[in-house]
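The chain contents come next:
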Amino acid sequence: ETAVFQTPNYHVTQVGNEVSFNCKQTLGHDTMYWYKQDSKKLLKIMFSYNNKQLIVNETVPRRFSPQSSDKAHLNLRIKSVEPEDSAVYLCASRVQDNYAEQFFGPGTRLTVL
Amino acid sequence: GDSVTQTEGLVTLTEGLPVMLNCTYQTIYSNPFLFWYVQHLNESPRLLLKSFTDNKRTEHQGFHATLHKSSSSFHLQKSSAQLSDSALYYCALSDCPSGSWQLIFGSGTQLTVMP
Chain Z
2 ETAVFQTPNY
12 HVTQVGNEVS
22 FNCKQTLGHD
32 TMYWYKQDSK
42 KLLKIMFSYN
52 NKQLIVNETV
62 PRRFSPQSSD
72 KAHLNLRIKS
82 VEPEDSAVYL
92 CASRVQDNYA
102 EQFFGPGTRL
112 TVL
Chain A
4 GDSVTQTEGL
14 VTLTEGLPVM
24 LNCTYQTIYS
34 NPFLFWYVQH
44 LNESPRLLLK
54 SFTDNKRTEH
64 QGFHATLHKS
74 SSSFHLQKSS
84 AQLSDSALYY
94 CALSDCPSGS
104 WQLIFGSGTQ
114 LTVMP
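Protein chains in written order, with the numbering used here: chain Z, 2 to 114; chain A, 4 to 118.
Simulated from the structure, these hints should not be mistaken for laboratory data.
Because the structure is a prediction, the values reported are computed rather than measured.
Take these hints with a grain of salt, some might be off.
No farther apart than 25 Å at their CA atoms in a straight line, the calculated lysine-lysine pairs in the DSS-like style are these [said to hold, decoys possible]: (1) Lys-72/A <-> Lys-53/A; (2) Lys-25/Z <-> Lys-80/Z; (3) Lys-37/Z <-> Lys-80/Z; (4) Lys-42/Z <-> Lys-53/A; (5) Lys-42/Z <-> Lys-81/A; (6) Lys-45/Z <-> Lys-53/A; (7) Lys-59/A <-> Lys-81/A; (8) Lys-53/A <-> Lys-37/Z.
Listed next, with one range per pair, are the computed distances between beta-carbon atoms [as the list claims (entries may be wrong)]: (9) Ser-83/A <-> Glu-83/Z: 30 to 40 Å; (10) Asn-25/A <-> Glu-102/Z: 14 to 24 Å; (11) Asp-57/A <-> Glu-85/Z: 37 to 47 Å; (12) Val-57/Z <-> Ser-33/A: 36 to 46 Å; (13) Lys-59/A <-> Glu-85/Z: 39 to 49 Å; (14) His-74/Z <-> Gly-19/A: 17 to 27 Å; (15) Asn-25/A <-> Ser-21/Z: 14 to 24 Å; (16) Gln-64/A <-> Val-96/Z: 34 to 44 Å.
Here a beta-carbon is modelled for each residue, glycine too, at the ideal position from N, C-alpha and C.
Isolated chain Z (complex conformation) (with noise of 0.2 Å):
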């Protein structure tokens, strides 16, 4: 079944660590995102990619990074996580369309002691 994946389902770290997540999409979609849901639950968009084209939010700290190797990849790195970065972090993707439904991946769960 064709699927958004994403690897770790969970990953625990500590301050001035770097992490790396993995995303994977096999629906032939041409965007991808990544969100971070905190844990009261509020989900934010961090970056969007297509077309090579990478769109960031302004209030994403610099030590994000998205790295993508084709447009069914997008993974994310985090260098010298801090306390704040724990949330899960959700991968999507859809068409290019403005009306298309987003399709999420499991998410990875990021716990910094």
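Using the hints, position chain A against chain Z.
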């Protein structure tokens, strides 16, 4: 910038009673695209219904919503709540900085249906 407001953080009601979750939005676009996503416990959000047509009711899985551009609203309703409706509901607006069509989500409403 664009924004979505969901006034109720928590809604608790008894099975069989009607459901109404509020959603209002602000956008610079004259033709906004509105969505309701539902997230059950330990799952990821999935689309419940969507609309871009003014004053037209859209329905899915017993839920319905009507986009009213005059009041910038897209409230979610259901005539009779079921236990399985307990979940987190997000209203979202499709935003388009540089063609990305990303979603701007409201703060979410946690619906709990009691027996």
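Do the hints match the structure? See the list:
no., hint, verdict
1, Lys-72/A <-> Lys-53/A, "holds, 14 Å"
2, Lys-25/Z <-> Lys-80/Z, "holds, 21 Å"
3, Lys-37/Z <-> Lys-80/Z, "holds, 16 Å"
4, Lys-42/Z <-> Lys-53/A, "holds, 21 Å"
5, Lys-42/Z <-> Lys-81/A, "holds, 23 Å"
6, Lys-45/Z <-> Lys-53/A, "holds, 19 Å"
7, Lys-59/A <-> Lys-81/A, "holds, 16 Å"
8, Lys-53/A <-> Lys-37/Z, "holds, 22 Å"
9, Ser-83/A <-> Glu-83/Z: 30 to 40 Å, "violated, 46 Å"
10, Asn-25/A <-> Glu-102/Z: 14 to 24 Å, "holds, 23 Å"
11, Asp-57/A <-> Glu-85/Z: 37 to 47 Å, "holds, 40 Å"
12, Val-57/Z <-> Ser-33/A: 36 to 46 Å, "violated, 26 Å"
13, Lys-59/A <-> Glu-85/Z: 39 to 49 Å, "holds, 42 Å"
14, His-74/Z <-> Gly-19/A: 17 to 27 Å, "violated, 46 Å"
15, Asn-25/A <-> Ser-21/Z: 14 to 24 Å, "violated, 39 Å"
16, Gln-64/A <-> Val-96/Z: 34 to 44 Å, "violated, 22 Å"
Violated hints, listed in ascending order, are 9, 12, 14, 15, 16; each of the other numbered hints is respected by the structure.
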